[in-house]
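2 protein chains.
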Amino acid sequence: MANSPSGDSVTERLIRVLETFTPTRTVQSAADIGRRAGLPPSSAHRIVGELIEAGVLERDDDRRIRIGMRLWELATRSSDALRLRQAALPFMERVQSRVQEHTQLAILEQDEALFLERLSSPRSGANVTRVAGRLPLHASSSGLVLLAYAERSLQDRILAAPLAALSAETITDTEALLRKLAEVRSWGYAMAPGYVEEVSTGVAVPVHDQTGEVAAALSVVLRREDAIEPALRELFSAARDIERTLGGRR
Amino acid sequence: MANSPSGDSVTERLIRVLETFTPTRTVQSAADIGRRAGLPPSSAHRIVGELIEAGVLERDDDRRIRIGMRLWELATRSSDALRLRQAALPFMERVQSRVQEHTQLAILEQDEALFLERLSSPRSGANVTRVAGRLPLHASSSGLVLLAYAERSLQDRILAAPLAALSAETITDTEALLRKLAEVRSWGYAMAPGYVEEVSTGVAVPVHDQTGEVAAALSVVLRREDAIEPALRELFSAARDIERTLGGRR
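Protein chains in written order, with the working numbering: chain F, 820 to 1069; chain H, 820 to 1069.
To be clear, the hints were calculated from the coordinates, so they are not data collected in a lab. Quick caveat: nothing in here was measured; it's all calculated off a predicted structure. One should not assume that every hint holds.
Every beta carbon over 10 Å from chain F, so not counted as near; a handful from chain H, in silico [unchecked claim]: (1) S848; (2) R885; (3) W891; (4) I990; (5) T993; (6) R1059.
Quick look at which bits of chain F chain H covers, simulated, 3 or more residues with Cβ under 8 Å [stated by the list, open to error]: (7) 871-879; (8) 925-936.
The C-beta atom is built at its ideal place from N, Cα and C for all residues, glycine as well.
So here's chain F without its partners, still in its complex pose:
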């Protein structure tokens, strides 16, 4: 696979093209894609043409370009993580119908919490999470669960890096984060009161895979004034049912 004069691989260039699409920028011209991906116009034109040919991108009648469904299909049909999501969905619905607040499933992905699913009702409170969106591990209740049970090298990496504040109450101190992770392991769940948004408290529990490893975090986003316990009971019950569906140990 030939590299460009600048030395980046073709795969990197394709990913850079895809990365120019965001939740708030779903349609672009070919020229804009090339500029945002840092590609010369001729390269951008060729890559976009090939991606359209493959069904990865789509061009509408106004020659504006958007993401097609082919990538989603290829990524989804053979993904173990999305099988987990499918197994979890009925139990997430149960949590959501009883707690009536945002119910979410997240996995660890490239040192962040990646949200595979989010169920909400019109009555649910504030929530920044999106499906296929990410949150930092140290700031979200889901991330804290994933981080607390992660391998040591990942924990060291997160603790060594600056801890960004999403709100005034996000933990940004290394010692405080170490104490928090110990608390998560001791309690078996994570509480993140105001860490992401001042008005909300995230509550998350681990979901184990067949080998007993933590595969995901199941969470709800409550209003700050809500009681935690009813939601926590539903989360633990749903996590056990998901694990049973996956054929897990617990």
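Since the structure of chain F is already known, use the hints to place chain H on it.
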């Protein structure tokens, strides 16, 4: 973007690599990927390495390779079709909880029905549909809805090609399919009794986008002996609510 000696573009080769992963083959060696994608070992090795570097593929401790989450994330976060899925999900849950059978959302993709979502309960009957799976337009209730309201050129293409039988009752005759499509437009919904599996009847209704075009088909898969009407009422009600959420005309 350099083409290979065989003339296929790098994008095509990347897609071929991804296509070697299927719902029943989620883990492969690099050598198997190369063989199944029809790539020389050195090319396969390089492409797989680049895709792992980019997070598109992942290698486990046994050096076996699976699809990573990066593609799903990129494809999902900026997709209009998956925004439709997110808007539809609460109403699909309502249908599923009341009808207690598989509830599905499909869109038109490359001349087939692509299923974006499927909700099921342990009590639901037989169903071949998978999330990110496809069914032929002429055979499934979802496909018949999408085909009945599709542009003329697509209808001509489907009618000109052989109509494969998924079961003994699939419509395989062109004239019969034309009558069926007229029936779908006249009734405003599609029934597919035994077309996909002998024991099941698919029932599907159209979901319109803001411009009034049919954007998706919402369907349930009933047991052959079940009454259609209660499910149909739920489907029409859910489709209207989805359209209202999308800001549609109806």
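Results of checking the hints against the structure:
1. S848: Non-interface label stands for S848/H: nearest chain F Cβ at 15 Å, farther than 10 Å.
2. R885: For R885/H, whose nearest Cβ neighbour in chain F is about 6 Å away, the distance does not exceed 10 Å, so it is violated.
3. W891: Nearest chain F Cβ is 4 Å from W891/H, so the label is violated.
4. I990: 25 Å, holds
5. T993: 27 Å, holds
6. R1059: Holds, since 16 Å exceeds 10 Å.
7. 871-879: Per the Cβ count (4), the hint holds.
8. 925-936: As far as the stretch 925-936 of chain F goes, the hint holds, because 4 residues have Cβ atoms under 8 Å from chain H.
Going down the numbered hints, you'll see the structure goes against 2 and 3, while the others check out.
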